[in-house]
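Since each chain comes alone in its own frame, lean on the hints to assemble the complex.
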Amino acid sequence: MAESKLKRTQRENHKRYKEDVKREGKPFFPYAMFHDTIMALVVVLVIIALACVWYFTAKHAKDGVGALGPLTSAKADPGTTSFVPRPDWFFYFLFYLLRVFKWPDSVFLGTVGIPTILLVLLIGLPFYDRRTERRLLRRPVAIVTAILVVLSMGVLTWKGAIAKESVGAENVQFVPAWAKKQGFEDNAKAVAGAKVFASLTCMTCHAYLGAGSSGPGPDLSAIAKGGRGAQGFADYVAQPSKFGNNVMPAFADIGADNLAALGEFLNASKGATATKK
Amino acid sequence: MAPKSARRRQLEAAALYPLDWVEERTGLVGGIKYFLFRHVPRDTNWMQTLGAATLTAFLVQTVTGVFLAMYYKPDPQNAYSSIQHITHEVTLGWLVRGMHKWGASVFIILMFFHMARVFLFGAYKYPRELNWIVGSLLLVLGMLEGFTGYLLPWDQTAYWATAVGINLNATAPFLGPFLANFLQGGAQIGPDTIARFYSLHMLLIPGGLIGLIVLHMYLVVRLGVTSPPWSPTAAGRERPDESKPEGARQGLIRSGDGQDEGH
Ligand code: HEM
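As given, the protein sequences belong to chains A and B, one line each in that order. For the first sequence, our numbering assigns the number 1 to the initial residue and increments by one for each residue that follows. For the second sequence, our numbering assigns the number 1 to the initial residue and increments by one for each residue that follows.
Chain B with its partners taken away, still in its complex shape (with noise of 0.2 Å):
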């Protein structure tokens, strides 16, 4: 390659500058780079990518959300009418809340496919005990994301599912009268169990799971992603002849190279 003019290298530190700038006062832009280029094992398959499929499940959840939010009106007097206008008239309404109707039962779908997968690996054992953990706790937290927005179109489905759902919290000793009194606000389910579901399903519950989700990427990229068990070149396998580890290792990577069909 020529060398670089001393145009290009002015042009390129100054299209770089920003980045610089940024890097110098936050260390983000090597942060960003160790997550894009950090090694993960040469065998990883498709089944690994369910966890990101669950996260843009999650995403599209957020942003459709958020415009839902801006023309649902969370009291008896106007849910009802506002997703039906949310749904005849407002231009697309019917496709961001269609999308976020049916992006919930994708993302809890998604959820429980990521699962078998960690299990079918055995991806769950140390040293990722705590993210099997964080894992169960968002699988928990997006039900609940479920079960308060149903509440919300406020229509009979909506109304009598609560209902029941309401009833059958109080059943559980001690905390449950309490839980079930707090969920409903009131003698009735009216105008404050749609304020109190609404916030629920708004900040507390999705701020609970972008916490956790943080926290479970971070443990992904700080312990990795595990090998499929079954893979000749797993990462971390036990290698037949430990004394000679290095030239059983090439070895090992040759043949592991010949049948690499991931990619």
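So that you can see chain A by itself, here it is in the shape it has in the complex (with noise of 0.2 Å):
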């Protein structure tokens, strides 16, 4: 009963909505199409405005940077040991929610399982919301929750861009650090290892020892623990998904000698005094 009196309510509304147009609307043309063209105008103008800027300010940068950033990086290079990956930005939040779930228990969640429920609560929206009432004062739970998930996005993405990345040239200067810590001094093939751990992207999805990043990747600092051996973790790291992990990229490509030496540190890595971020 309750639902055909809403939906009778429906049909007599838009009925009113669209007798109230043909009587006292205007015509679409001129009237509208006039706005809608200042407005579109506006966007082509702003448009070629950044493309200006972007370009001639990166054109008479001495680094090539202008304000809006680069006009590209170095060309794409597969057997790159040091390079942040980052998405566009309106990936940002996505990419941040990687941060707060951690692999690998909970990476699923950041990276199928909260879009997906975001992504059913958007197009659901008609269906469990079915008040007629558009009035925003008198939609007090849509404000709130609009208002909720304005102020999360907007975190989120500004977190995702201002998250800490773990320059290589920056963490290579932990090292003697770390070898003190880790007691692993006077093994120079960890030493070594330590040294290609912290150049390689490793420290974008792995903390150590408090540098790097808190995910989606574990903190390595006490890995040892884990038993691989050396060996074992140089086969780890050279082909993840072998081992079930298809987060993580292959690192084949850096060669023997650098997986054994990774293999090495790793193994070294007990913990000693291993701090949480």
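Think of the hints as simulated: they come from the structure by calculation, not from any bench. Check before you lean on any hint, since a few could be wrong.
[Unchecked claim] No farther apart than 27 Å at their CA atoms in a straight line, the calculated lysine-lysine pairs in the DSSO-like style are these:
(1) A:K180 <-> A:K242
(2) B:K4 <-> B:K33
(3) A:K242 <-> A:K181
(4) A:K242 <-> A:K270
(5) A:K75 <-> B:K73
(6) A:K5 <-> A:K15
(7) A:K75 <-> A:K195
(8) A:K195 <-> A:K180
(9) A:K242 <-> A:K189
(10) A:K26 <-> B:K73
(11) A:K189 <-> A:K225
(12) A:K270 <-> A:K225
(13) A:K59 <-> B:K73
(14) A:K15 <-> A:K26
(15) B:K33 <-> A:K18
(16) A:K181 <-> A:K195
(17) B:K33 <-> A:K22
(18) B:K33 <-> A:K15
Pasting the structure below:
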């Protein structure tokens, strides 16, 4: 019964809307179309302005990085060891979720779970918000939800944008300190491995003794306790997907020597005074 | 007005002849006339131009995209240098590429703004539920368009963002690994990956976007755009005195004309 009453109200409202528009409305052309055209011009001008600022400031900057970034970064190189992957800005909020949910137990929530739930909530909106009321002040739940959504998306995007990128060159400076804390100062191979670790992209996903990123990969400060052994770690890093890890990229490209050194380093990481970030 | 001279009538008929010819065979002229002269609520405001703004940004993407495609080479050996060529050598290439690059962000931002306005107006409610769904799909496709386009310049940013993106895809249950495999097209990100991303980016996804935009516009014209809900003269507003609808309505029309600030 309630259902059919809702339907009746909806239909009546829309019928009245159609009548009102017919009687009191204005023709789309030229009235609404005039506003639309001005807006379209503004959009095109803004896009042109962005392109100009991007190009001319980058062209005249000494380092090639203008007000809106460089014209291109260096050519893609699959063998690179120290580049911080960044998605386009409108994926930052998802990107940051990955740091909230840590590999391996809950990373699935960040990559698929939450986005799917958000999408279902978005598409389903007209079906769970079934009141006919459209005035904002009489839709308190909608207002509060909207504010929360905008705030959290904003914060996640912002956090994703400023997420501390560990630059390889910075991390390498930590190596002597790591060696001392972990007690592998005398193990030249492990020290070499630590340098490889610091300059590769590892620390964009892993933390080590408080440096690097707290996700999506686990903290590796005490990973030796996992007990794979030096060779085991080297194999794992070369081809993580063989061990069921489909998130971490394969590092087979870096060569056997680097892998062996990395394995030795990881096997020496016993987490002496491991601190969580 | 003086009656039109015979000559003038003849001229007008000649000028309109092609239109009549097309109209008689397609009915399109009538359709366009309907589109242009249909009534919209008199209190529509600037927020309601955001849809047209989004459409404009999309059109900028299609036009600039067509020109980029004339110079871009979708394979690992040539992609990067063709982008360099476009940026530094082709006449106004920097402008076309810059507009495409920044237009993409403008497009996404405008989609969110437009969606926010639809939400604020409660315009997703009956009978516009389906148009909200079509809009949501447009949003998803728009973001996928961004994702697939990001790889094409084949620079470091592009390569590594895509590497991570594909790996993240792989974490989805069931379909995930399959999808990641399909996108990558091989053991490594390489020629097949670029070709796939390029095909998705300039055929499949834009095709889907155009189809959905047409559907979106059809529904907008058929259902009409909503009045701002707070407007005292909102189309479809409840009348305080339903027993005398005509009189009440006329009274409101007059007061509405007086305080109309929209235009
Ligand atoms: C490619 C992207 C899109 C384009 C080109 C587009 C275009 C438009 C245009 C021109 C209108 C007419 C009224 C206005 O301009 O506000 C409109 C209305 C509408 N749009 Fe979109 N839109 C897009 C995306 C979306 C999205 C992401 C949503 C929501 C999820 C959405 C939901 C709606 C709804 C429900 C209406 C009817 C509003 C009313 O009757 O007041 N659209 N759209």
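Structure-based check of each hint:
1. Taken as a hint, the K180 (chain A) and K242 (chain A) pair is broken in the structure, with Cα atoms around 33 Å apart against an allowance of 27 Å.
2. About 24 Å separates the Cα atoms of K4 (chain B) and K33 (chain B), which keeps this hinted pair within 27 Å; it holds.
3. Straight-line distance between C-alpha atoms of K242 (chain A) and K181 (chain A) comes to about 32 Å, which puts the hinted pair past the 27 Å bound.
4. Proximity of K242 (chain A) to K270 (chain A) is assessed by CA-CA distance (about 24 Å); at most 27 Å being required, the pair is judged to hold.
5. For the given pair, K75 (chain A) sits about 14 Å from K73 (chain B) by alpha-carbon distance, which is consistent with the 27 Å threshold.
6. Taking the CA atoms of K5 (chain A) and K15 (chain A), the gap is about 15 Å. The hint holds against a cut of 27 Å.
7. A distance of roughly 24 Å separates the Cα atoms of K75 (chain A) and K195 (chain A); the hinted pair therefore holds under the 27 Å criterion.
8. Of the supplied pair hints, the one linking K195 (chain A) and K180 (chain A) holds, its CA atoms being roughly 14 Å apart against a limit of 27 Å.
9. Taken as a hint, the K242 (chain A) and K189 (chain A) pair is honoured in the structure, with Cα atoms around 25 Å apart against an allowance of 27 Å.
10. Taking the CA atoms of K26 (chain A) and K73 (chain B), the gap is about 49 Å. The hint is violated against a cut of 27 Å.
11. Note on K189 (chain A) and K225 (chain A): the hinted pairing holds, with a Cα-Cα distance of about 19 Å set against a maximum of 27 Å.
12. This hinted pair checks out: K270 (chain A) and K225 (chain A) have alpha carbons roughly 6 Å apart, not beyond 27 Å.
13. For the suggested pair K59 (chain A) and K73 (chain B), the alpha carbons sit about 24 Å apart, so the restraint of at most 27 Å is met.
14. At most 27 Å may separate the alpha-carbon atoms for a hinted pair to count; K15 (chain A) and K26 (chain A) meet this at roughly 18 Å.
15. For the proposed pair K33 (chain B) and K18 (chain A), the alpha carbon gap of about 19 Å is at most 27 Å, so the pair holds.
16. Restraint check for K181 (chain A) and K195 (chain A): satisfied, since their Cα atoms lie roughly 15 Å apart, inside the 27 Å limit.
17. A distance of roughly 16 Å separates the Cα atoms of K33 (chain B) and K22 (chain A); the hinted pair therefore holds under the 27 Å criterion.
18. Restraint check for K33 (chain B) and K15 (chain A): satisfied, since their Cα atoms lie roughly 23 Å apart, inside the 27 Å limit.
Hints 1, 3 and 10, counting from the list given before, are not met by this structure.
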